[in-house]
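Visitor: As they're listed, the protein sequences go chains Y and E. For reference, each letter of the first sequence is one residue, going 1 to 526 in our numbering. For reference, each letter of the second sequence is one residue, going 1 to 526 in our numbering.
Check each hint, because a few of them may be wrong.
Since copy identity is lost for identical chains, a pair holds within one copy or between any two.
[Stated by the list, open to error] No farther apart than 30 Å at their CA atoms in a straight line, the calculated lysine-lysine pairs in the DSBU-like style are these:
#, residue 1, residue 2
1, K246, K348
2, K512, K124
3, K21, K483
4, K246, K422
5, K89, K185
6, K483, K89
7, K269, K484
8, K269, K483
9, K495, K269
10, K213, K495
11, K89, K180
Note that these hints are calculated values from the structure, not bench results.
Here are the chains, one letter per residue:
2 protein chains.
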Amino acid sequence: MKLALAQLDYTIGDFAGNSSKIIHSVRQAKTEGAQLVVFAEQAISGRPAYDLLNDPVFLEQCREALEEIAGHCNGITAIVGLPLQVENKTISAAAIIRDGKIVKFVGKRNVISRDETQHLGNSKGFEIVDVDGVNIAVVIGSDIHIPNLDFGSDTDLILSLKSTIYSRGIVARRHEFYSKMAYRKQAKLAVLNHIGGQTDIVYDGWSTVFNEKGECIAQLKGFEEDFTVVDLAAPLEALPLPEQNKNANVYRAIKLGLHDFFVKNGFSKACVGLSGGIDSAVTCALAVEVLGRENVRGLIMPSKYSSDHSVEDAVALAQNLGIRHDIVPITDTYTAMREAITPLFDGKPFDVTEENMQAHIHGAMLMALSNKLGYIVLNTNNKSESAVGYTTLYGDTVGAISILGDLYKTEVYSLARYINRKERIISENTLTKAPSAELRPEQKDTDYLPDYELLDVILYRLIEENQSVDEIATAGFDYDTVKKVYTLFIRNGYKRYQNPPVLRLSTVTLGKGKILPLTYDLSCLL
Amino acid sequence: MKLALAQLDYTIGDFAGNSSKIIHSVRQAKTEGAQLVVFAEQAISGRPAYDLLNDPVFLEQCREALEEIAGHCNGITAIVGLPLQVENKTISAAAIIRDGKIVKFVGKRNVISRDETQHLGNSKGFEIVDVDGVNIAVVIGSDIHIPNLDFGSDTDLILSLKSTIYSRGIVARRHEFYSKMAYRKQAKLAVLNHIGGQTDIVYDGWSTVFNEKGECIAQLKGFEEDFTVVDLAAPLEALPLPEQNKNANVYRAIKLGLHDFFVKNGFSKACVGLSGGIDSAVTCALAVEVLGRENVRGLIMPSKYSSDHSVEDAVALAQNLGIRHDIVPITDTYTAMREAITPLFDGKPFDVTEENMQAHIHGAMLMALSNKLGYIVLNTNNKSESAVGYTTLYGDTVGAISILGDLYKTEVYSLARYINRKERIISENTLTKAPSAELRPEQKDTDYLPDYELLDVILYRLIEENQSVDEIATAGFDYDTVKKVYTLFIRNGYKRYQNPPVLRLSTVTLGKGKILPLTYDLSCLL
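Pulled out of the complex, with its shape left as it was, chain Y reads as follows (with noise of 0.2 Å):
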């Protein structure tokens, strides 16, 4: 049999753009002697849509693509993943089109993941699918990984429609995966996944084609739109798996996460505050990349507590990258704020509040200049300052998405040096001076938390790692830092309740991947 895999960046409800594709794909894999052509889990649709998988609208819109896509399919079965209307509910599913029509469809059997399960219910799961004479099993999504699946010994080929998230580490630990369910199974096995960025989201491809020895016979390509046919009776050499670079592969994510959020949405210009630091020097290095420099722009708002080389440091990156960027003082908005509030303050002294009332007014610069002309807020936290809260809501916390929110400081340093890897974009100073906020006189972060190193060691154990204060401890960590970092972590909640959606690089996503309630009782978990 000659299958075709066709790796496709879906947008959610543009169904006359997703079927156009679709159906160019069925077209070229008939062209190329195809007798099957598969596409992704709820490929018609774009995932994951949420709610409107509950809309009645958007299910028949659905339904109405999958005929036209089946009108495109004389001579070849198609195999299109799409959310399909059962009984009261939603399931996902696959539907197999044979010669124009719709003969079968297969539905996911458990909902697993966070996106999907309010609105999504399960089915009955994989079927094998008889397509000339190949015995096909047809499994939806994450049920490829329900133990102990019988697909029996008929099964030739194992087809699994996915819709994999990128996180740090996952393309080789799916590689494995698939090679040793080939193997074991004793069938080929295809994996179909997505591509391109849905928000916060980024689909990673590398859909792959395993043998019966867990060989790799076919690789498409991570991070873009890719199609291929494969002839499985044929004898294929093995393929090894492509070299996986962390920081390549985040930068590349992170570039596809950006490049969709902005086409998918009609957005061409981004502004980014670049306080001279590494978060602001990497999300505007980012940003030029994907959207060019003359759409990219800079905003220096150096207060009385600014130190030189910050606006140096800013500068030079912006003149590095060849952006526009304005300087824009803060202190006479910042003196005016303080007269008008500071009576109110019972002469109390200087502290966090005017610290956060230079943030704000960074704030409302960038949103201003957003509002104006259109120049969409880039947001430059990273995962350690937000976990532990060292952010100002509604100041640095601003922006339509966070680029950087699921890097922890010390990977946002080798992310930096990776974009530095062929000409010095950001600046020496910027990689190796002591971060600080700047916002009071001689500030470090130092001066409130550890040294990065250690705190993102504990944070990682702590968010992906699922540990408990004890367990870090007793691993070697000191227990009142391990605590505190924690108290942070669960006490700063609230600030990131209201954060913009975080690209997802790893497997617990701030705000998404570990919700814990906003109103508790902390002792319970010291």
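Following the hints, complete the assembly by docking chain E onto the known chain Y.
Guide: Just chain E now, with coordinates in the frame of chain Y:
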């Protein structure tokens, strides 16, 4: 059988406090001669605990609390709800405790609450438990709504451990549902609910016992802790459902939610930005009712576009409530900010940018007061303006909690009149003047939006009744108006994404009950 019902207000994670309340009620039940005492779903842990439900430390503490409670149950049977780890998942369960021993767990069959689908697994469902010769069907949470549950003909009592969230009209609907079920199943039926606020949730209590005729034979209080012992064998008079007044219930729900948000978080003081408008007036009046006038403070922040009557109305409200209020003009700050940023505006004229700038300064001023003196900022947005995005993100959307965000504008007026039922707290002018943000000369909300009477009806159909644009137009509304409202609703999801928690008072709270993708092709729904 003498059955004790303990309707209590729990704090998530406060195992010591929750156990202590439960044990106190066990003692009281024994004192009053009850053979069985029952508690709500997930009483021991508090609810909803989100990802704490999968935290081993949390579950272990919950288990320990259960053991301690069991130790106090000699000479009585207790049925108490808790999350329980079973194999690789956590389920919502009831522990049956008899004579100091945990004799059985009953689990919830279908997890359907949006607060739990990401965190809990399904289980076996109801079981019949024999307590002193009485056959009791123990049913956890929403399982009671599974169609055609068959408890068998030997069941004497159906026990429904609930955690029902308040929404408008639910008390009467629930009463009717349970009454019919008792009659249909020809069994007595006891419903045990939580009361209390958990951030955005209010549990409303109203625990009830019905006899086989469907008559209510015991009725606990709404919105308050309560305890009662019912002799199921005695001939008891049928009680009518206490009269339900929508405004009174909403008023009590908000008061309870606000009270518990403050008490459970250890807060005591609140501030409100007073505009002279209806939303801030109602928010402030409720805060004073809950926290006391000495703990509420108003900030009046006129701009050059504020009318005289706005400040007068705001001052009058503060005086009627007897709270401290300060007038802090934002004009100088606004002027300074405009002077700093306007050179970047390419000569473009005054537009929504300058309106938002004023709102951002309002937000910053409120946060400054909060940061310096510990006043928690109460958000004043209503559901109508949030739905159509007639708000300034990081401006009037700031706050720790939104207490009116699930009330349409017309409902806010209705609540205002209820607040004025005994004495005039909110001025006639605030009640009758045309709503305006007063961020540009002569501005009125109706410059942008349909009249609220019309807008609210359309929004209710779109949001609560899930009707499509076509359906609403067919019902007699102007197509273009409906389409405009729906387009605004969809396009402004990005603002609602970053809003504070909204106290839930309806069946479809924005941001919780109807979740739409932020990036998608809008045209598919129009």
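Visitor: Could you work out which of the previously given hints the structure breaks and list their numbers from low to high?
Guide: Numbers 1 and 10 - these are the hints that the structure violates, sorted from lowest upward.
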